[in-house]
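Can you make the complete structure from the sequences, with help from the hints?
For the protein sequence lines, the chains are A and B, in the order given.
At position 96 of the first sequence the residue is numbered 96 (the UniProt record's numbering), and the sequence of numbers has no breaks.
At position 30 of the second sequence the residue is numbered 30 (the UniProt record's numbering), and the sequence of numbers has no breaks.
A portion of the hints provided could be inaccurate.
Claimed, not checked - Chain A regions said to be covered by chain B (calculated; three or more residues, Cβ under 8 Å):
(1) 82 to 88
(2) 126 to 133
As the list claims (entries may be wrong) - Once the Cα atoms are required to be at most 16 Å apart in a straight line, the calculated EDC-like pairs of lysine to aspartate or glutamate come out as:
(3) A:K197 with A:E168
(4) B:K278 with A:D116
(5) A:K197 with A:E177
(6) A:K57 with B:D532
(7) A:K179 with A:D152
(8) A:K57 with B:E534
(9) A:K135 with B:D266
(10) B:K529 with A:E117
(11) B:K278 with A:E168
(12) A:K135 with A:E168
(13) B:K529 with A:D69
(14) A:K129 with B:D266
(15) A:K129 with B:D190
Worth flagging that the hints you see were computed from the coordinates, not collected in a lab.
Beta carbons: idealized from backbone N, C-alpha and C, even for Gly.
Each chain, letter by letter, is given below.
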Amino acid sequence: MDNKMILDVQNLQKNFGKVHALKDVNLQLHSGEVLGFIGPNGAGKSTTIRVILGLIKESGGSATVFGEDAWKDSVKIHQNLAYVPGDVYLWSNLTGGQTIDMLLHMSGQTHTAKTDELIKEFKLDTSKKNRTYSKGNRQKVALIAAFSTDVDLYIFDEPTSGLDPLNELIFQRRVAELKENGKSVLLSSHILSEVEKMCDTISIIREGKVIETGSLESMQHLTRNVVAVTTASPLDGLDKARGVHQLNFKNDQHTIAEFTVDSDEIGAVMDLLAKNSIVQLRTTPPTLEDLFLRYYHSDDGQKVGE
Amino acid sequence: MEQYTQTWTLLKANLKRDWVKIFAWLLVLVGVFVAVAAKFDGIYGTTKQIAAIGSTLRSKAMVALIGSVPDGHLTTALIFASEMAVFWGLFIIIFNYSLAVGASRGQEESGLTEMVLGGHPVGRLAPLLAAALELLIANGLFALITGAGTMIANMPGSDANGTWLSAVAIAAVGWAFGMIALIFSQLVADSHNVSMYNYAFLGIAYLIRMMADVSNPTYTWLSPLGWLEKTEIYTNNNWWPVVMLVVLGALAFLAAVVLNSNRDIDAGVIHVNPGSRKSRFLRGPATLLIWNQKSLTIFWMIGMAVLGASYGSVFNSIGKIFNTSPTIQKVLGQSGIRHLEQSQVLSFVGLLGIIFSLLAVIAGVMIVNHLMTQERRGYLQMVMTKPQSRSYLLAVYVIFGLVLAAGLLFVALISAMGAGNVVMSHPIAFKYFWRTFIANLPSIALFMALMVGLIGVYPRLRSLVWAYLGISFLITYFGNLMDLPKWALKISPFYWTKKVPIESINATPLMWMLAIAVVLIVIGFVGYKNRDLES
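Now the structure itself:
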């Protein structure tokens, strides 16, 4: 797999009047990669994607796709890109099937066997008018059109927010298939488990700034394990150990404890526990949720991990 | 009563949302009405002036346009009432339509109704009742202010009873049509179609009124719009039509309530059939636009053809007033009469050209405006991320709009010619209609170009186009009545072509209009290419 840069966003800023929606966004997506773009509602995910799509113009910094300027060369870029918005709105007097065919035509594609396969898989009744579809069904229309489009870059903006778990699974499988075929995917979400399952790299955005980028593993140094332990002798001194937080003794003898520990201090803490002869030990690995919560609970300006 | 819980809260919310709109409409509707009333004495004060305008108003053409004028002695107030009633009825109905659709189907479409009904202790029928009350308030305000203002104007020949009757009758017709709009809001599931049904209904009501007025005024009772004339303001001051209008409105509201109780939210009573699973036709923005606008386009074409034909069918009665006077016949001789007759009809054709152009502009501007609606509703995010340029997208809408507007004008003029030449002994040559057609094209282009420019640069001010169109029409129609200075008359693009087709086209102002239109369109395209997509 060559490591060609597909999407490159540098110091991107976007102001709406006096509102600074994007302050400093940096994203890189290489070919064959799935990039997860996570953040809470209102953090700037959709705004960033809209700049990348050339729907709105950047106020500062740059966004390039396939090495071309996202704003000026949008028509050229769009020949090789498929997009599913977070809120799909479709022309009310077209049927789902007509909409799919039209979206494909607009991208210079045709209705193929794969399209039929996708319609069957997502169980969409394509004879219904768009106005009768629920949010999830409208999303399916856009997803079917996007997945049966053969391009190099796929952009999904919170694509599964209206889908049930079964359809979510189909979506995940289809993204995996794209990745196998060497396609690049940008996937924005505030559902972390979704991103966790599919993405190679994760960028976290908060209040218009990308605050962390890397693989899931590389981010775990920032996270804490949850430890539940029972020892033979009292765990004195644990409260003074480095990297231990939220310590909570469950009995008066101080032999049963629950606490969180910084991932990079776990070795030293384990030594301390072992000295008191461990009877029972359960550690829960950090999830993205924990990571996320730590970002959002930390005050502005405070660097994570401090 | 539980069904109506929280109506007051909803009403307050509606008024909070719409008060600017209501205020602006009332300002214009009441302002012009009272201003005309105040000025009327100066324009039609003397017996001579009254006699002159009286014979014009009694011509079949004017009766067809604005309704009948009572027989017998005319006063300033009588002329005012005959000239304004039907016309102001039309305006206030348009105002009520806009309010009614926004407060019923429009609100439901935006998802607001679902949120309010589903998540809050609000009665199922509360939104409907709130809409009806909002209209009642708006029309009540109109009646109050108009009545008071016209009282102050104190035209010769007016009386308090008649003045209040005219204000209340116009408000009542507005309210009644607004209530009928609430029925259509239950029938179909999107506000676009609701408006179509509304205007189709208004068109039919107007046509019936027109046909009845020129043939047999008894039949005017068939059209609720015609009831306005039956109030016989300042002669018999008949309040019964007002009672009928209020009853009609109340019945329409009840019908809307029944329909509303028997349908699901976000659905219409009229069922939607399953459609095709595939499409070979839909290939891009152009075919999509044609697809989306096909029924509306056909609707416009038929409507304009019918309107043109109905105006054409009264062409023969327009000339006739000259035949009745033997002295004139003797003085002018056969050919002279034919000449006079023809010039009379031709000046009517010129007037029709302006009315048809106004409607054609509405249709064309609506097409271009549709692009903006699509943008606001989030449809365009799927189109603009496809490999088609924004210029292409805009061009598709502009070209379609221009072709539609020109087509509508042509269809209306041709059907007027067709119907007119059937009823007239001496047909009018095609070249006059063609001249009228050509003369009005630059005005159409100018209004559409203004819309294109605003969409490109400052879409929020789009309603300026409607304001300008309304003002232009008012100036053309009332400019002379109100004794406006010449420069004010020139604001209206229609001013420059008023004398066509009797006189030939004066090309210079039309060239200027076209040049301005081109500049505006270029500004629009550049702006559209360089602005953020709204969502």
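Okay, the hints, checked on the actual structure:
no. : hint               : result
1   : 82 to 88           : holds (count 4)
2   : 126 to 133         : holds (count 6)
3   : A:K197 with A:E168 : holds (12 Å)
4   : B:K278 with A:D116 : holds (11 Å)
5   : A:K197 with A:E177 : holds (14 Å)
6   : A:K57 with B:D532  : holds (6 Å)
7   : A:K179 with A:D152 : holds (10 Å)
8   : A:K57 with B:E534  : holds (12 Å)
9   : A:K135 with B:D266 : holds (14 Å)
10  : B:K529 with A:E117 : violated (38 Å)
11  : B:K278 with A:E168 : violated (25 Å)
12  : A:K135 with A:E168 : holds (14 Å)
13  : B:K529 with A:D69  : holds (15 Å)
14  : A:K129 with B:D266 : holds (13 Å)
15  : A:K129 with B:D190 : holds (13 Å)
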